[in-house]
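*Asks:* Letter by letter, the chains look like this.
Number of protein chains: 2
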Amino acid sequence: MISIKDVAKKAGVSISTVSYALNGNPKVTEETSARILKIASELNYVPNAAARTLKKRVSKIIGVYLTDFSGAFYGEILQGMKEVLNKRGYDLIVCSGSYSHRLLPQRMIDGAVVLDHSFASEELLQLADRGHKLVVLDRELNHPNINHVLLDNKAGATLAIEYLIERGHRKLYVVTGPKDSYDSRQRLQATKQSIERNSDLIYIEIEGNFNKDSGERAAEQIMLEYQEPVAVFCLNDEMAIGMYNTLVKSDFRIGEHIHIIGFDNIELTQYTQPRLATIDYSKRKWGALASEQLIKLIGEEKVEHERVYVSLVKGESVGKG
Amino acid sequence: MISIKDVAKKAGVSISTVSYALNGNPKVTEETSARILKIASELNYVPNAAARTLKKRVSKIIGVYLTDFSGAFYGEILQGMKEVLNKRGYDLIVCSGSYSHRLLPQRMIDGAVVLDHSFASEELLQLADRGHKLVVLDRELNHPNINHVLLDNKAGATLAIEYLIERGHRKLYVVTGPKDSYDSRQRLQATKQSIERNSDLIYIEIEGNFNKDSGERAAEQIMLEYQEPVAVFCLNDEMAIGMYNTLVKSDFRIGEHIHIIGFDNIELTQYTQPRLATIDYSKRKWGALASEQLIKLIGEEKVEHERVYVSLVKGESVGKG
DNA sequence: TTGTATGCGTTATCAA
DNA sequence: TTGATAACGCATACAA
Numbered sequence: 002m003i004s005i006k007d008v009a010k011k012a013g014v015s016i017s018t019v020s021y022a023l024n025g026n027p028k029v030t031e032e033t034s035a036r037i038l039k040i041a042s043e044l045n046y047v048p049n050a051a052a053r054t055l056k057k058r059v060s061k062i063i064g065v066y067l068t069d070f071s072g073a074f075y076g077e078i079l080q081g082m083k084e085v086l087n088k089r090g091y092d093l094i095v096c097s098g099s100y101s102h103r104l105l106p107q108r109m110i111d112g113a114v115v116l117d118h119s120f121a122s123e124e125l126l127q128l129a130d131r132g133h134k135l136v137v138l139d140r141e142l143n144h145p146n147i148n149h150v151l152l153d154n155k156a157g158a159t160l161a162i163e164y165l166i167e168r169g170h171r172k173l174y175v176v177t178g179p180k181d182s183y184d185s186r187q188r189l190q191a192t193k194q195s196i197e198r199n200s201d202l203i204y205i206e207i208e209g210n211f212n213k214d215s216g217e218r219a220a221e222q223i224m225l226e227y228q229e230p231v232a233v234f235c236l237n238d239e240m241a242i243g244m245y246n247t248l249v250k251s252d253f254r255i256g257e258h259i260h261i262i263g264f265d266n267i268e269l270t271q272y273t274q275p276r277l278a279t280i281d282y283s284k285r286k287w288g289a290l291a292s293e294q295l296i297k298l299i300g301e302e303k304v305e306h307e308r309v310y311v312s313l314v315k316g317e318s319v320g321k322g
Numbered sequence: 002m003i004s005i006k007d008v009a010k011k012a013g014v015s016i017s018t019v020s021y022a023l024n025g026n027p028k029v030t031e032e033t034s035a036r037i038l039k040i041a042s043e044l045n046y047v048p049n050a051a052a053r054t055l056k057k058r059v060s061k062i063i064g065v066y067l068t069d070f071s072g073a074f075y076g077e078i079l080q081g082m083k084e085v086l087n088k089r090g091y092d093l094i095v096c097s098g099s100y101s102h103r104l105l106p107q108r109m110i111d112g113a114v115v116l117d118h119s120f121a122s123e124e125l126l127q128l129a130d131r132g133h134k135l136v137v138l139d140r141e142l143n144h145p146n147i148n149h150v151l152l153d154n155k156a157g158a159t160l161a162i163e164y165l166i167e168r169g170h171r172k173l174y175v176v177t178g179p180k181d182s183y184d185s186r187q188r189l190q191a192t193k194q195s196i197e198r199n200s201d202l203i204y205i206e207i208e209g210n211f212n213k214d215s216g217e218r219a220a221e222q223i224m225l226e227y228q229e230p231v232a233v234f235c236l237n238d239e240m241a242i243g244m245y246n247t248l249v250k251s252d253f254r255i256g257e258h259i260h261i262i263g264f265d266n267i268e269l270t271q272y273t274q275p276r277l278a279t280i281d282y283s284k285r286k287w288g289a290l291a292s293e294q295l296i297k298l299i300g301e302e303k304v305e306h307e308r309v310y311v312s313l314v315k316g317e318s319v320g321k322g
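The listed protein sequences derive, respectively, from chains D and Y. Add 1 to the 1-based position in the first sequence for our numbering, that's all there is to it. Add 1 to the 1-based position in the second sequence for our numbering, that's all there is to it.
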């Protein structure tokens, strides 16, 4: 490996002069500096990250932890994160699985964004206790070293239910997410509250898991129980898509017999026929916000917990009731 | 930060003894070792990755470079990679964008898998020249430090075309991928060869980009030119899905007027109606293979270039011609 | 303006 | 069996 020493030797100066030159320290002459830089580039010198990190106690790398690599939904969030981080001189790496949890305590990364409910809150709090900076997107955690940037799930669920009611629907199904999902719990809670505000509603809950298959199963159940037009609030779009796939094979028509609204406005919804009504929010902004908060935390700046606002996307999947 | 020194002090031994104990070196007594380990865990000691990497000149981290984070297609490949790597004591991190290219020369990672055509071959060869180990999945590169694990695109394209011909189709469209895609070029080349082997075929090429939108555009063109039933080979499933989305809004029926076959067997194809015929291969295995090759390269083992085999998945999207 | 020397946390060599 | 010490590559306080 070619190190600062080799550059120093070739330039006939000491290693500290090389270091100064490389770091743009004004102590060293323009010409010496230029000569050193030239030699360094000739030798293809690249500073060793481990050595630098060891010395500076900072790696300039941020990790984001995801439940899995199945992307679709994460793409834009990560893009938003990366843009902000790169601008600030940080690199972003994506990790999944408990094996990579070690990167944080080993100080390979300067901080982490967590969107992975399989990452135990207890573990996160421990890490925070030991001084690690974290931003969580999938739970509320109160600790000076942890910030959370959360979706306004309650507003979203309320918008969805009110839209269904406004369109004249009275019999409402809700397909939930997994019980351990913060987002699902929040959405469900707001849904129930909205529904309680209206007395004349029929409300049926179907347990789901945020994946397509549970949307399919829910569709089966709904068809089986069908007596009159109904509206369904799938707590995420993925399940709504599953529902579409099952219903399209049946005689039931979406937006006529079975009205559907989702949550997330994933890319795929644009291709649904009829257009799926859903709750939208900027995923890119979510990621960007998370990064900014993390950088502030690292810089020991004061940070408030942030919220990502949502809006209703109407669609023909919800017809008049 | 709590270091090996703190453990040594508390245990009343020297740092080297602690290091031995932590690394399970049999030189140190069972009891001393046990005591040290206990103290280390009490203090929440975690070895500093930078220091260890600096000393051992190895980080035990592998990076995979992707064009973007839009996952869908990558999920399984990454899963396959991770499983193998973790088993071998390596961590996997996912990177995107040229900003992270630096991780390799800075020796933050021990090697990389590349599936990102925006990563220039020239840059890869330079890295290889400087001793970095690479496995590429999206091009052929001949260098002792580079191995490639490629899909058997030609076999796949041949299978697809032969299937269409066997089903009685004579007028064939092909929707290509971007010109700079190795996979697209390979598939196209084999397609042309297959077609040339049969004299009585009509062959029309439509330029695509591997994304849904180009599938949609291709569908528009095909409908416009429609005179008799035609078969379409979309060089990836994504474009085939785009085609579905457009055709479903028209009077043309897939598998009757317009017959479609794709390539990749992405998860979404399972939900298509009618079932999209396509070319399948194990993405998980692809990733696993890539990881194994990389580990071999790092271990200075001799490696042959690997190939991932493909198979035909029939579907009702291709009816009789 | 440049050089010397020290330390970051680990591992590993050599002595004790 | 354990301890002192050098080295990994870099940054920097201090000396020259």
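Bear in mind the hints are in silico, worked out from the structure with no lab data behind them. Treat the hints with care, as some may be off.
Identical chains share a label here; the pair holds if one copy fits it or two copies do between them.
[Claimed, not checked] Keeping only pairs whose Cα atoms sit at most 25 Å apart, straight-line, the calculated SDA-like set for lysine to any residue is:
#1 Lys57 - Asn26
#2 Lys193 - Gly25
#3 Lys172 - Glu268
#4 Lys56 - Lys88
#5 Lys193 - Thr30
#6 Lys11 - Lys193
#7 Lys10 - Gln127
#8 Lys6 - Thr159
#9 Lys56 - Ser20
#10 Lys250 - Gln274
#11 Lys11 - Gly132
*Asks:* Determine for every hint whether it applies to the structure shown.
*Replies:* Hints, one by one, checked against the model:
1. Lys57 - Asn26: within (16 Å within a copy, 30 Å between copies)
2. Lys193 - Gly25: neither (60 Å within a copy, 56 Å between copies)
3. Lys172 - Glu268: Intra 28 Å, inter 33 Å, cutoff 25 Å: neither.
4. Lys56 - Lys88: Classified as within: same-chain Cα gap 23 Å, cross-chain 31 Å, threshold 25 Å.
5. Lys193 - Thr30: neither (70 Å within a copy, 63 Å between copies)
6. Lys11 - Lys193: Result: close neither inside a copy nor across copies, 73 Å intra and 56 Å inter.
7. Lys10 - Gln127: This pair counts as between: shortest inter-copy Cα distance 24 Å, intra-copy 46 Å.
8. Lys6 - Thr159: Cα proximity of Lys6 and Thr159: none, with 64 Å in one copy and 56 Å across.
9. Lys56 - Ser20: both (13 Å within a copy, 20 Å between copies)
10. Lys250 - Gln274: For Lys250 and Gln274, both the intra-copy (13 Å) and inter-copy (8 Å) Cα distances are at most 25 Å.
11. Lys11 - Gly132: between (42 Å within a copy, 21 Å between copies)
Violated hints, listed in ascending order, are 2, 3, 5, 6 and 8; each of the other numbered hints is respected by the structure.
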